[in-house]
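The listed protein sequences correspond, in order, to chains A and B.
Offset between the first sequence (1-based) and the working numbering: plus 723.
Offset between the second sequence (1-based) and the working numbering: plus 614.
Derived from the structure by calculation, the hints contain no laboratory data.
Check before you lean on any hint, since a few could be wrong.
Here are some chain A residues the structure puts well away from chain B; computed CB gaps all over 12 Å [to be verified]: (1) E729; (2) P732; (3) Q739; (4) S758; (5) G769; (6) G774; (7) T778; (8) P786; (9) R789; (10) T793; (11) S799; (12) N801; (13) D806; (14) T811; (15) H831; (16) S834.
Derived coverage of chain B by chain A (criterion: at least 3 residues anywhere in the stretch with Cβ under 8 Å from a Cβ of chain A; other residues may be distant) [unchecked claim]: (17) 639-652; (18) 661-672; (19) 706-712; (20) 717-724.
Keep in mind it's a predicted model, so treat the numbers as computed, not measured.
Yeah, the Cβ is synthetic: ideal placement off N, Cα and C, and Gly gets one too.
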Amino acid sequence: QVQLQESGPGLVKPSQTLSLTCIVSGDSISSGHYSWSWIRQPAGKGLEWMGRMHTSGSTDYNPSLRGRVTVSIDTSMNQVSLDLSSVTAADTAIYYCARGILTGSSVHYDSWGQGTLVTVSS
Amino acid sequence: QSLLTQPPSVSGAPGQRVTISCTGSSSNIGAGYDVHWYQQLPGTAPQLLIYNNFNRPSGVPDRFSASKSGTSASLAITGLQAEDEADYYCQSYDRSLSAVLFGGGTKLTVL
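With the rest of the complex left out, here is chain A:
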């Protein structure tokens, strides 16, 4: 069974770049028709999809974050990364990585990491 584990700094200063890593175990990150997404959740609020990379290498991003967010995959390390630039306090949230599977007309997320809290503060 695939497992996902996010890691990264819990505190980032405003205007800096937030960088997180998600280590995938139990399956190869490049196998199957998967996509790998980052999804975040501010405290007490709903889920926000940030972006994804397909195993083909193509990427899609939330238009509200376009220009600030980059999702990448390192197949040698079996991990997914997130970079979010020019962060502000509004980027304070729990960040989840999730595996997406396309078996119909839209991807669904069958595996999630436990999430990592990132606080943006000076």
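Since chain A is already given, all that's left is putting chain B on it; use the hints.
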């Protein structure tokens, strides 16, 4: 504000049936994109509850069911139990935005 609209909260007594709606538009649910549902228990990551409109992953009780019609979808929970108290999210895709969408979430309270 999410393009998939859910009621902020619903409630029901143990044993009762509740439904949670997810209303979209012609660029997402109405365009034929599948709807998926997630359950998020307090302090935990979301878990897949329903995929491709009405399919349950193994291990999900048949008390949970879902449907889709037009620009909306609905999640139904029958035989409500205290352990069902959680936040529920619908999810689909929007072709105008070329983006994955989540509903705003619905908090289910078991009275």
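Consistency of the hints with the structure:
A beta-carbon of chain B comes within 12 Å of the beta-carbon of A:E729; the shortest separation is about 10 Å. For A:P732, the shortest C-beta to C-beta distance to chain B comes to about 20 Å, beyond the 12 Å cut-off, and the non-interface label holds. The beta carbon of A:Q739 sits about 25 Å from the closest Cβ of chain B, which is more than 12 Å, so the claim that it is off the interface holds. Not every CB of chain B is more than 12 Å from the CB of A:S758 (nearest about 9 Å), against its label as outside the interface.
At roughly 4 Å from the closest C-beta of chain B, the C-beta of A:G769 falls inside 12 Å, breaking its exclusion from the interface. Here A:G774 does not stay apart from chain B, with its beta-carbon only about 9 Å from theirs, under the 12 Å limit. Against the 12 Å criterion, A:T778 stays outside the reach of chain B, whose nearest CB is about 16 Å from its own CB. The claim that A:P786 is not at the interface with chain B is violated, since a C-beta of that chain comes within 12 Å of its own (minimum 6 Å).
The beta carbon of A:R789 is not kept farther than 12 Å from every beta carbon of chain B, the shortest such distance being approximately 10 Å. The Cβ of A:T793 lies farther than 12 Å from every Cβ of chain B, with a closest approach of about 16 Å, so its non-interface assignment holds. Non-interface status of A:S799 relative to chain B is upheld: no Cβ of that chain comes within 12 Å, the nearest being about 26 Å off. For A:N801, the requirement that its beta carbon stay farther than 12 Å from each beta carbon of chain B is met, with the minimum near 20 Å.
With a closest Cβ-Cβ approach of about 18 Å to chain B, A:D806 is found to remain outside the 12 Å limit, as its non-interface label requires. Every beta carbon of chain B lies more than 12 Å from that of A:T811, the smallest distance being close to 19 Å; the non-interface claim holds. With a closest Cβ-Cβ approach of about 4 Å to chain B, A:H831 is found to fall inside the 12 Å limit, against its non-interface label. With a cut of 12 Å on Cβ distances, A:S834 falls inside the contact zone with chain B, its closest approach being about 8 Å.
As drawn, the region 639-652 of chain B meets chain A at 6 residues by the rule of a beta-carbon pair under 8 Å; at three or more, the given contact holds. Counting residues of the region 661-672 of chain B whose CB lies closer than 8 Å to any CB of chain A gives 6, so the stated coverage by that chain holds, three being the minimum. Coverage of the region 706-712 of chain B by chain A holds [criterion: at least 3 residues with CB-CB distance below 8 Å; count 4]. Figure legend: the region 717-724 of chain B, annotated as covered by chain A; annotation consistent (3 residues with Cβ-Cβ distances under 8 Å, at least 3 required).
Hints 1, 4, 5, 6, 8, 9, 15, 16, counting from the list given before, are not met by this structure.
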